[in-house]
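For the record, the sequence lines run as chains L and G. According to the working numbering, numbering within the first sequence proceeds without interruption in unit steps and concludes at 273. According to the working numbering, numbering within the second sequence proceeds without interruption in unit steps and concludes at 663.
If you're looking for bench data, these hints aren't it; they were derived computationally from the structure. The reader is advised that the hints may include incorrect statements.
Stated by the list, open to error - Short derived list, chain L residues pointing at chain G, Cβ under 7 Å: (1) Gly181; (2) Ala185; (3) Pro197; (4) Met199; (5) Ser220; (6) Leu221; (7) Leu226; (8) Ala228; (9) Asp229; (10) Leu240.
Unchecked claim - Computed list of chain G residues with no C-beta within reach of chain L, every gap over 10 Å: (11) Leu567; (12) Leu618; (13) Trp625.
For glycine and all other residues, C-beta sits at the position ideal for the given N, C-alpha and C.
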Amino acid sequence: MSLPCTPTDQPSLVPRKQTAGEALLWIITLGLLWTAINPGDLHSWLVGIPVVALASAAALRLHSPVPRRYSLLGAMRLATFFVAQSFRGGWDVAKRALSPAMPLNPAMLNYPLRLRDELAQVLLVNLNSLLPGTLSADLANGVVTIHVLDAGPETFADMQTLEERVAGLFSIPLGTEKDIRA
Amino acid sequence: MNLSESISAVLILGGMFFFVAGTVGLLRFPDFFTRLHALTKADNLGLGLVIAGLAVQASSWADVTRLVLIWLLVLGASATLCFLVARTALRHGQKPWTK
Chain L
92 MSLPCTPTDQ PSLVPRKQTA GEALLWIITL GLLWTAINPG DLHSWLVGIP
142 VVALASAAAL RLHSPVPRRY SLLGAMRLAT FFVAQSFRGG WDVAKRALSP
192 AMPLNPAMLN YPLRLRDELA QVLLVNLNSL LPGTLSADLA NGVVTIHVLD
242 AGPETFADMQ TLEERVAGLF SIPLGTEKDI RA
Chain G
565 MNLSESISAV LILGGMFFFV AGTVGLLRFP DFFTRLHALT KADNLGLGLV
615 IAGLAVQASS WADVTRLVLI WLLVLGASAT LCFLVARTAL RHGQKPWTK
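All chains should be modelled from the sequences, with the hints used to inform the complete structure.
Structure follows, in structure tokens:
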């Protein structure tokens with residue numbers, strides 16, 4: 092399933108040239124998204140036009156030029172995992188909140204990522220906040236700072252699975268922690 | 565109540581339970597970061613269940629798609645905002661509560 096991939100760990104900080112075609116593509120895509128949410132509502136474009144324009148500008152500015160391959164199977168596995176974990180995460184935090192004893196043992200921990208692709212890292216950081224007991228609080232130099240509700244030996248197990256599932260979506264191999272620190 | 569109405573009622577009530585639990589967490593949890601946990605996770609699940617409950621009653625597939633789209637957009641926005649709020653707090657020296 093995983094195919095060899097170009098290394099994508101180069102930060103893309105240099106602004107690159109954008110083509111008018113790319114801009115048009117974003118405007119059309121986001122315009123369609125707006126229409127999907129507000130079908131047949133002409134007045135909604137009063138807000139929609141500036142929002143689509145701003146969102147397109149942001150997308151053009153932030154979109155990294157690295158070519159990516161997505162795996163459908165990987166997407167389905169990630170989605171299944173995410174939905175299952177959403178239930179666990181919501182249930183876990185609800186139980187803690189409603190329990191009279193309110194069991195909490197929070198800690199702020201660093202997790203060095205094996206994922207090196209920037210987009211994959213951002214996706215992981217966002218999904219992580221919806222996993223049971225973990226919340227992303229910072230991301231710098233390939234290390235995520237995670238706030239956990241209940242620090243223990245099992246803390247990083249879900250995180251590792253999530254990382255593997257995200258890598259599966261992008262069909263990219265996972266490096267080792269050493270690679271990142273080197 | 566017919567079957568779809570009953571399913572819808574169960575899902576929406578389930579969703580409300582998680583919204584309430586998230587709010588209780590927001591009020592009871594000891595610090596900034598633990599409160600963020602309560603908000604993001606309970607509300608994500610709560611909204612998902614409410615959306616699922618409404619989708620059961622939707623009159624067309626277009627409406628179902630729209631509901632799912634709304635859920636995904638809220639999910640993306642809340643995860644991103646949660647991260648930005650937590651990062652800002654951390655970088656400004658907000659200390660996490662410990663036992």
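So which hints don't hold here, by number, going up? Hint check: nothing fails, all pass.
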